[in-house]
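Given these sequences and hints, build the entire structure.
There are 2 protein chains.
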Amino acid sequence: MNSLRQLTCREARRSGATGRVLPFQSTPTNRLWQRCFSVTPRIASQLAGLDPSKLTITKTTTPKELVSAKDLVFGKTFTDHMLAIEWSASKGWETPRIVPYQNLSLDPSACVFHYAFECFEGMKAYKDKKGQIRLFRPDKNMERLNKSSSRIALPTVDQEALTRVLGEFVKLEGRFIPDTRGYSLYLRPTMIGTQKTLGVGPPGSALLFVIASPVGPYYPTGFKAISLEATDYAVRAWPGGVGDKKLGANYAPCVVPQLNAASRGFQQNLWLFGEEEYVTEVGTMNLFIALKNKETGQKELITAPLDGTILEGVTRDSVLGLAQERLVPDGWTVSERKIRMSEVAEAADEGRLIEVFGSGTAAVVSPVRNISYRGQMVNCGLQENEEAGEIASKMKQWIEGIQYGDEDHPWSYVL
Amino acid sequence: MNSLRQLTCREARRSGATGRVLPFQSTPTNRLWQRCFSVTPRIASQLAGLDPSKLTITKTTTPKELVSAKDLVFGKTFTDHMLAIEWSASKGWETPRIVPYQNLSLDPSACVFHYAFECFEGMKAYKDKKGQIRLFRPDKNMERLNKSSSRIALPTVDQEALTRVLGEFVKLEGRFIPDTRGYSLYLRPTMIGTQKTLGVGPPGSALLFVIASPVGPYYPTGFKAISLEATDYAVRAWPGGVGDKKLGANYAPCVVPQLNAASRGFQQNLWLFGEEEYVTEVGTMNLFIALKNKETGQKELITAPLDGTILEGVTRDSVLGLAQERLVPDGWTVSERKIRMSEVAEAADEGRLIEVFGSGTAAVVSPVRNISYRGQMVNCGLQENEEAGEIASKMKQWIEGIQYGDEDHPWSYVL
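These protein sequences, in sequence, are chains A and B. For this note's numbering, count along the first sequence from 1 and bump the result up by 762. For this note's numbering, count along the second sequence from 1 and bump the result up by 762.
Mixed in with the good hints, there may be bad ones.
Computed beta-carbon distance windows for the label pairs [claimed, not checked]:
hint, chain 1, residue 1, chain 2, residue 2, range
1, B, Tyr-995, A, Gly-811, 27 to 33 Å
2, A, Arg-1099, B, Pro-1067, 33 to 39 Å
3, B, Arg-943, A, Pro-1067, 52 to 58 Å
Residues on chain B that point at chain A, a partial pick, calculated with CB under 10 Å [as the list claims (entries may be wrong)]:
hint, residue
4, Val-874
5, Pro-965
6, Val-1096
No wet-lab data here; the hints were simulated from the structure. Even for Gly, the Cβ is constructed at its ideal location relative to N, Cα and C.
Structure representation (structure tokens):
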């Protein structure tokens, strides 16, 4: 088999940015950018696009033993194979290949190691009652992958073509998807810059790969509400930054604040923003707040708006969509709006806070018991013996019903 | 020889963060953090420190041909060897090893590919007239490396020990350092998280490596002043963020704004901050502004303060130190203070702007001819036939004099 060593080491054809002063005119780097990296897909189409019909499959000769369902740990064990597609600024996307799961062999000057040229997606494949494999809204992940990659001068890819080859990969790995409700195969599409140069510039070569890890339910014994610490000393994202993209760059800097919160007994930290202390995200999830509106008394489900400082979560979007469809008829309003932490605390004090929950691919929804904020503990509306509110419970049921194909819905994509 | 494939693939001993909800108490992850990742060096000392006396050297059997001086391109060709030191949360720093320059072989789930667990340094080795090899203020680089790594839960390292093994590596590669003034060996210490898990948490294993690239003078035919575009639509850093650390995360997001500036004919972009449009950094350099103070008429050399939004440049610090020592006696004041772009434009309009220059390891200083700002072109004080102002020229001469050992100075470190 052709190893990924060959794949990733191949010299990119272009010379790359040099770190020297550019002449005061249209430069080669510059023209290259215009040709290859523009967010406008039309321009990029001059290079070879991803062609699913060319997919090659090299099967492993040493299939792994399945890990027993109870021992599955998120992102720790992987399937037999991986999907790998190389890109270069001179040739575009090369042959998509499914190869045995294997190490990547990269020059130590590869730009992914130095300048964080990396972005990724998180999605899952589910087995329904008939044994069919399903993805959940893969179009949303593909769309976001392109938004992320183009923001850091990595190439974009045809979304349907990538979904097709991803589907072939998932079908090949079908035996790793447990057929028990709550279990799934976590998929991690990842794009990295592979160009061998220390010059800071647009990568002339990249690798898109997908690995897959079987995972168990986030709450094996039912919901368990979490406690949050509101972080006011560190900032995750800001207007004009890249906090709305799924870049590696957004993750490493969050670990120390998360560990600090953990050291004080909190499961996650809640990122506030600005002097107004707007509620943005929680750990690696979006956040939803259900309260009775102070003015109108109406029940309102609130999440932060897509202003560039929060990740555009697929689960967030799904919660919003289902809320519009299924909660609004029951008298709820659904709002994407900024809300201050002090407003949340006030609603709690006044008995208007109904419930709070995070949303994300891992847990679907994650109910919040309380939030530590400015020395007080804001109670988020759960009774002591309660681990989830009504809306969180409904959302989990609704979304999983679609994911596992119990409900026929356009969001579920049968492979 | 032991290959880096082995080095980097070795299973980390700890199980790592799982992505699951942590129990509401002191957790293993949590305790691990307290033991290993704290910014307090004392705590980390319970693990093995870096021991320079254990350094092993495996020489290449296929030495490279030297690239002729005129063909050297920044960060494109590398020396025969690399320095590599592994770390794990269970054992601390392992044996430092100089091995032939070679690919890194890493599991595709390694956290460096997904969450940007990576930080680096940029420094140079110089050959003086006697043929001695010198480093410039290596203590500053080592100090900053530790600040960077601890901010993203990577380990810290004994600074003197690392300087010693780095020195051995540089001496071994001495033939790659041209003995012509202006030439040097660019050194790239890099630390990456290698743990094989998709769980977002502190890496349980890491690799510190150093690669070296011979480089020519930034201005082979003398200074060439650059034009900047002030960027107001994207923001590089934010208070409470990580913009003052040398993390990979700070670089990829800057490339698109840089390319946008280049597409309009500017060599670099200038990052402004906030409604006040404070001047922060230029591309990958710090910025200095020399003007006559509006109130006092006194000559003032200004650079942005270390408020968390700018990189703590070693050259920046050196320019400040030399300015205090050698410009203040001539009637200059030296200020680390916030300055609005509108103040710079006003000084230019009023004939008070003396000169502007960037500072960084690559160019030492980089004179600025003009800055495009809100549709106007701010002239930075150079005559049409002039490529550098007096202060920039002096600084380059002073700093290079120290770097190449013409001047005996404590900042120069003879290997």
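Hints, verified against the model:
1. The hint said 27 to 33 Å for the Cβ distance between Tyr-995/B and Gly-811/A, and at roughly 30 Å that hint holds.
2. Between Arg-1099/A and Pro-1067/B the beta carbon distance is about 35 Å. The supplied range of 33 to 39 Å therefore holds.
3. A C-beta distance of roughly 57 Å is found between Arg-943/B and Pro-1067/A, which places it inside the suggested range of 52 to 58 Å.
4. At about 7 Å, the closest approach between the beta carbon of Val-874/B and any beta carbon in chain A falls short of 10 Å, and the interface hint on this residue holds.
5. Interface restraint check for Pro-965/B: the shortest CB-CB distance to chain A comes to about 9 Å, inside 10 Å, so the restraint holds.
6. Here the hint on Val-1096/B is broken, as its CB sits about 27 Å from the closest CB of chain A, past 10 Å.
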